[in-house]
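Chains D and B, in that order, are what the protein sequence lines are.
Here the first sequence stands for residues 1 to 316, where the numbers follow the numbering used here.
Here the second sequence stands for residues 1 to 270, where the numbers follow the numbering used here.
To be clear, the hints were calculated from the coordinates, so they are not data collected in a lab.
Hints may be right or wrong, so weigh each one.
Unchecked claim - If you want a taste of the chain B side facing chain D, the calculated C-beta under 10 Å gives, among others:
1. 21
2. 23
3. 115
4. 193
5. 223
6. 247
7. 249
8. 253
Claimed, not checked - Ranges between beta-carbon positions, derived for each pair:
9. B/239 x D/245: 29 to 37 Å
10. B/150 x D/14: 42 to 50 Å
11. D/14 x B/181: 29 to 37 Å
C-beta atoms are modelled at their ideal positions from N, C-alpha and C, and glycine is treated no differently.
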Amino acid sequence: MPDTFFTASPHWEWFIILYFFVGGIAGGSFILAALLDFFGRPADRALVRLGYYVALGGVAVSGILLTADLPRPERFWHMLIESNTGRPMFKAWSPMSVGVWGVSGFGLFAFLASLGAVVEAGVFRWRVLGWAPIRALAARGPALAIAGVGSLFGFLLAGYTGVLLAVSNRPIWADSSFLGLLFLVSAASTAAACLILLGIWRKVASPTALDQLARFDRGAMGLELVALVLFLGSLGPAARLLFGWWGLLLVVGVVGAGILVPLAMERRGRKAEAEPGHRRLAQASALVLLGGLLLRVVVILSSNGTHVIGSGVSSR
Amino acid sequence: MPEPMGFYTDTTVCIGCKACEVACKEWNQLPATNGGCHQMSGDSYDNTQRLDGIHWRHVKFIEQFAENREGGRWLMMSDVCKHCAHAGCLEVCPTGAIIRTEFDTVVIQSDACNGCRDCISACPFGVIDINPVSGTAEKCTLCYDRLQVGMVPACAQACPTQSIQFGTIRELKQRATARVAQLHGLGEQRARLYGADENMLGGLNSFYLIVDEPEVYGLPRDPKLPSRNLVRSSLLSTLGAVALTLLGLAGFRHRRMEEVAATGERRPDA
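Extracted from the complex, chain B is given alone in its bound form:
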């Protein structure tokens, strides 16, 4: 069994070149949006706009500029499936199409998925969507096919600044911790890791170094598993079923009892 593998994305060195997006699309043979007639976002250099079934990498462009355009900064972040140790998509998938691989990554088997879309609503990060060509839910596989033959995922190989780093989670965490210490030493006190901690869904096998609040990057502060609502929700529904049964019994049975008592009528089969 190989060690858990994943991505460490250092957003501070991302230059927004989108080589990862292109490499991902080429290797995984993902189609163009709307047959190539893509609508520009019009308010940003970010024209990919979101992760979905045909965009498994998405470079976010976060523009922090004051009204007078002074002292602004760009935050760029190559977003991808987080390959959560406790994965919401895998939890709810009713076909068994979503599996955990020997590399501790999460993969949707396209030949088993029927497109029910439960995983889309279960993902805390909005990563998954339907690929209109296959009609199934798709997302980053962490290049499962390349990993199986000892290759580096296409995006990490293409990244020219080593913003996307691939390796064993253990080694990546060491590198990331050292980098945060370095940035703190340089005066960037906002530097922090997102998802490296096991408190977040058991640890994200794709974690980030960010220099602002998670929400600024479009990341939830405290992502949770969908199953957190399962027991409470089921118990309350069962309580409702009991209440309705009592309501029904009170209405239908009492009337019947009254009638039997009044007329001495017997059951039709008795």
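Chain D on its own, in the form it takes in the complex:
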């Protein structure tokens, strides 16, 4: 019996599953927007701005989900400031502590990047946006600096969640070291899918940009398949928890519907120019998003359902 089977569930459920999903998309969107910011063409500016808005919206939702999940939400700040000393609270060896600062730092950079995007787009005529320090956010130099540093926070936000689960004593989570990697590549893949969908819907993505995002997504899905195999292979005896409905959902929902089917669909659709409505690409991207959500559902709930022995009642 693996030692992780003797532990208790932290009751992290739907709020946390949604947070892992949304936070991953937020972090990934920022990184993709930053890549387009660095290397894209003038025609991609609207898509860059959309990426930053998704990042800001995503991190805002993440903050709400995380706070709402606390039984004492009014004490959320205890993770940033030690409540009895007033000193900053940070533990480099606690993934949750690192994550709290990661979410906060990412929130700051997503806000700055979005502010720069709003100035650049010129959609609002507020006087505050004309203020020189805020106008400077849209200038090339500061914008790229924000994009660069914010991307590091983006990776942190998208990847720490799996490390958080691994640094525990719970079945499945602590039985593998590949969860951080798996969640990170899945976040990249779902973020690309999200930008593709929103880009098509808002009509801000050029066929070239859609091609680039779709190609990136295919690469990320390839990495995700590798990470999934490594993850499952490293579980050892704890893998038995996945023999059943959770395993079926993982194979059919995550691998099948979320990775293999979209890959096959995109292979057939290939060039975005060839398909004016991008229907196939949009459908494939929607499936990628579904797969990313199901991955987190399976990983979290398959472990939560385990209370194998806690009562100590056994008979021979």
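Fit chain B to the supplied structure of chain D, relying on the hints for placement.
Positioned in the frame of chain D, the structure of chain B alone reads:
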């Protein structure tokens, strides 16, 4: 600085009276389950079933009986927080609510905890859970308030058979070692200590004398710290971040380079 203090629980003399559970609940003013409408387990005299935020002591009833009910035995064990010398809960707590006291015990400060529940998943023994009244993670404090005024923890004081013994770890280990030798002399060769050895999480400040495999008592054979996965997991994630960066650069940068080369187009700001 006082010496490290803790519990030595000799499960061979536990009679399953649950006086420790009651004393703990009374002293610490822990509420009843579900307002007193408690669901019986239905398959055992063990109706407490697990340690959680409102049960800081739990007497386990392990029933070892053959199908024909011959030659059976009861194993009873009053379970509690192990107050590990290297504590997983303390390691991960992101608010600093979990502290190590001057008695080398581990205490959750209820006024600092916000209920994030990271400690619940970090504990190798499944000891901690949320107390629905306070909304914070709670567990045995080893009666920190009583220790500070020189009193014995409520459970140890209430125990009528001295199954739960309180004292300095040094003295408790001597007593426990002598008891194991005595039991071996009486022919109970299965008697052994669980958690007295420093190899187990630096030593458990609440350790046990048991007479079967740890798993039989619902105890992990080799409990580990959550941080064992930290470096490997972080490095692999960083590797993933590098791979994704390369993937992104290959996709977005090359296309851009090709276009610049083909059209001689210049950057918008150049």
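Worksheet entry | Unsatisfied constraints (hint numbers, rising) | 1, 2, 4 and 11
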